[in-house]
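Using the sequences and the accompanying hints, generate a full structural model.
Using numbering that gives the first Met the number 0, the first residue of the first sequence is number 0, and each one after it goes up by one.
What the hints contain is simulated information worked out from the structure, not anything from laboratory work.
Warning: the hint list may mix true and false statements.
With a straight-line Cα cutoff of 35 Å, these simulated DSBU-like cross-link-like pairs (lysine-lysine) come out [unchecked claim]:
(1) Lys194 with Lys118
(2) Lys112 with Lys231
(3) Lys142 with Lys194
(4) Lys228 with Lys291
(5) Lys386 with Lys104
(6) Lys316 with Lys112
(7) Lys386 with Lys112
(8) Lys397 with Lys384
(9) Lys117 with Lys228
(10) Lys260 with Lys159
(11) Lys249 with Lys228
(12) Lys249 with Lys117
(13) Lys316 with Lys291
(14) Lys104 with Lys159
(15) Lys260 with Lys249
(16) Lys316 with Lys260
(17) Lys142 with Lys159
(18) Lys112 with Lys397
(19) Lys194 with Lys4
(20) Lys194 with Lys156
(21) Lys249 with Lys31
(22) Lys291 with Lys194
(23) Lys159 with Lys31
(24) Lys386 with Lys316
(25) Lys316 with Lys249
(26) Lys402 with Lys291
(27) Lys397 with Lys291
(28) Lys118 with Lys104
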Amino acid sequence: MDLEKQMEVFLRGTAEVISPEELREKLVRADKEGRPLRVKLGVDPSAPDIHLGHTVPLRKMRQLQEIGHQVIFLVGDFTGRIGDPTGRSETRKQLSEEQIRENAKSYTAQVFKILDPKKTIVEYNSRWLAPLTFAEVVQLAAKTTVARMLERDDFAKRFKENRPIGVHEFFYPLMQGYDSVALRADVEMGGTDQKFNLLMGRQLQREYGQEPQVCLMLPILEGIDGVQKMSKSLGNHIGIDDPPAEMYGKTMAIPDNLMIKYFELVTDVPLAEIRSLAQGLQDGSLHPRDVKMRLAREIVTLYHGSQAAIEAEEAFKAVFQQGELPDNIPEIELPAEVLDENGEVWIVRLLTALDLCASGSEARRMISQGAVSIDNVRRTDPELKLKPHRGMLVRVGKRRFAKLA
RNA sequence: GGAGAGGUUCCCGAGCUGGCCAAAGGGGGCAGACUGUAAAUCUGCUGGCGAUGCCUUCGGUGGUUCAAAUCCACCCCUCUCCA
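Below, the structure is given as structure tokens:
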């Protein structure tokens with residue numbers, strides 16, 4: 000593949016590249032030497048579920064491996080024990096080895112829904128970090144200074160606000176940088192929030208006599224709340240293992256103004272087409288709802304196939320546009336002990352027994368807010384008693400349903 | 001080691017001259033209305049309990065008091081300045 004085309008694949012959709020010139024040189028040299036570039040992507044296995052946010056760099060990796068480069072998927076099993084302080088301005092709790100190992104296992108399994116397993120090297124950074132001696136660690140630490148560390152956004156902020164910074168947290172960038180040394184990475188990928196860590200890799204590689212890696216930074220994908228970075232702990236994520244209907248629904252929940260970004264970062268829709276969608280939204284010739292439905296369909300198709308996507312869309316239309324019921328309402332057996340001597344259930348009890356409300360208080364609230372309907376009749380009296388029957392349909396809000404078995 | 005400032009409900013953050021505090025305000029979440037969708041907007045709710053009352057909660061443990069997030073003692077943790 001010729002140089003310009005390669006550059007295009009590398010650069011497309013990136014937020015920042017340090018530096019394009021170096022990348023070009025590396026590509027030219029690699030081509031001459033007949034070897035692929037070694038591209039590193041490190042992940043922190045703190046949450047075992049991969050979501051769309053993770054897929055942004057992963058999809059890039061996929062494209063790179065398709066044009067013949069060597070992709071290295073690095074599981075930060077060792078760094079995970081520290082927890083990267085990035086993003087949330089507080090110390091993340093350290094994970095146990097066992098947890099990490101389990102997370103990593105499920106992580107890699109999911110990653111291969113995107114990457115080609117035959118063309119991917121999976122590495123664990125405990126392989127080289129765990130055996131380091133204290134003396135070597137000190138040597139590594141001596142390669143940077145506190146002032147430099149404090150340049151990092153997160154540290155600077157916390158320092159300024161007099162919030163705690165653990166000394167061990169300084170090791171996170173050092174370790175990640177050392178990973179690049181150990182892997183002899185030509186290119187490292189990451190979100191824009193990884194800039195500091197990626198640059199640390201360059202510095203350390205130079206210190207250890209290697210050519211510095213090129214840093215490819217990709218945009219950060221906001222979660223379905225439209226504000227914060229997509230993350231499982233914030234509960235604003237769309238997981239790639241989410242069932243089709245949920246994936247579709249969650250996508251429909253993203254704010255309108257994020258649609259185009261999603262198209263660009265997490266779908267295979269060609270750029271030209273995305274541009275015309277954006278144009279259509281702008282001039283009002285396209286309905287935002289329809290565009291978002293298209294987006295939801297694209298995303299579901301990617302992870303569950305087009306058939307599932309069509310079904311998810313039909314179900315969504317039925318439930319939310321026509322107010323019909325979903326097909327897969329869970330059927331739940333009502334425990335006998337909630338019945339009184341007349342064989343009736345108190346409505347509050349009913350909702351908690353069916354797990355539709357977490358507590359009696361919540362159930363009362365829902366009832367008084369008019370969120371509860373039984374057999375399609377809205378019930379607002381929290382003292383109501385009912386005679387249960389098989390197939391009784393209990394509904395709380397728009398999304399919580401149960402049927403009596 | 002010394003001096004000072006802090007640790008509040010899911011999060012941020014008031015309260016801290018003792019009762020009116022299940023604890024202001026914001027965020028998030030949930031619900032209702034509306035709609036173009038689980039978007040946007042507006043409104044309400046947001047510890048638990050068969051409940052106009054009771055129970056548990058304000059870093060931890062004890063104590064004072066009829067009554068403590070609020071006062072006292074000790075302890076743990078964070079930050080600042082000094083060493």
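Cross-check of the supplied hints:
1. Lys194 with Lys118: At roughly 26 Å apart (the allowed maximum being 35 Å), Lys118 and Lys194 satisfy the hint.
2. Lys112 with Lys231: holds, 19 Å
3. Lys142 with Lys194: Satisfied, since the Cα-Cα distance of roughly 18 Å is no more than 35 Å.
4. Lys228 with Lys291: holds, 20 Å
5. Lys386 with Lys104: violated, 49 Å
6. Lys316 with Lys112: This hinted pair holds, its Cα atoms lying about 28 Å apart.
7. Lys386 with Lys112: Distance of about 49 Å is beyond 35 Å: violated.
8. Lys397 with Lys384: Holds, at roughly 23 Å.
9. Lys117 with Lys228: holds, 31 Å
10. Lys260 with Lys159: Roughly 33 Å separates the two Cα atoms, so the pair holds.
11. Lys249 with Lys228: holds, 15 Å
12. Lys249 with Lys117: Holds. Lys249 to Lys117 sits at ~32 Å (cutoff 35 Å).
13. Lys316 with Lys291: Holds - the C-alpha atoms of Lys291 and Lys316 are around 13 Å apart, at most 35 Å.
14. Lys104 with Lys159: The hint is violated at about 38 Å.
15. Lys260 with Lys249: Given that 35 Å is the threshold and the Cα spacing comes to 16 Å, the pair holds.
16. Lys316 with Lys260: holds, 24 Å
17. Lys142 with Lys159: holds, 24 Å
18. Lys112 with Lys397: holds, 32 Å
19. Lys194 with Lys4: The hint holds at about 25 Å.
20. Lys194 with Lys156: holds, 16 Å
21. Lys249 with Lys31: Cα-Cα ~47 Å, so violated.
22. Lys291 with Lys194: Measuring from Cα to Cα gives roughly 31 Å; hence the hint holds.
23. Lys159 with Lys31: violated, 49 Å
24. Lys386 with Lys316: Roughly 32 Å between the alpha carbons, so the hint for Lys386 and Lys316 holds.
25. Lys316 with Lys249: holds, 14 Å
26. Lys402 with Lys291: It holds: about 31 Å lies between the C-alpha atoms, which stays within 35 Å.
27. Lys397 with Lys291: holds, 20 Å
28. Lys118 with Lys104: holds, 18 Å
Hints 5, 7, 14, 21, 23, counting from the list given before, are not met by this structure.
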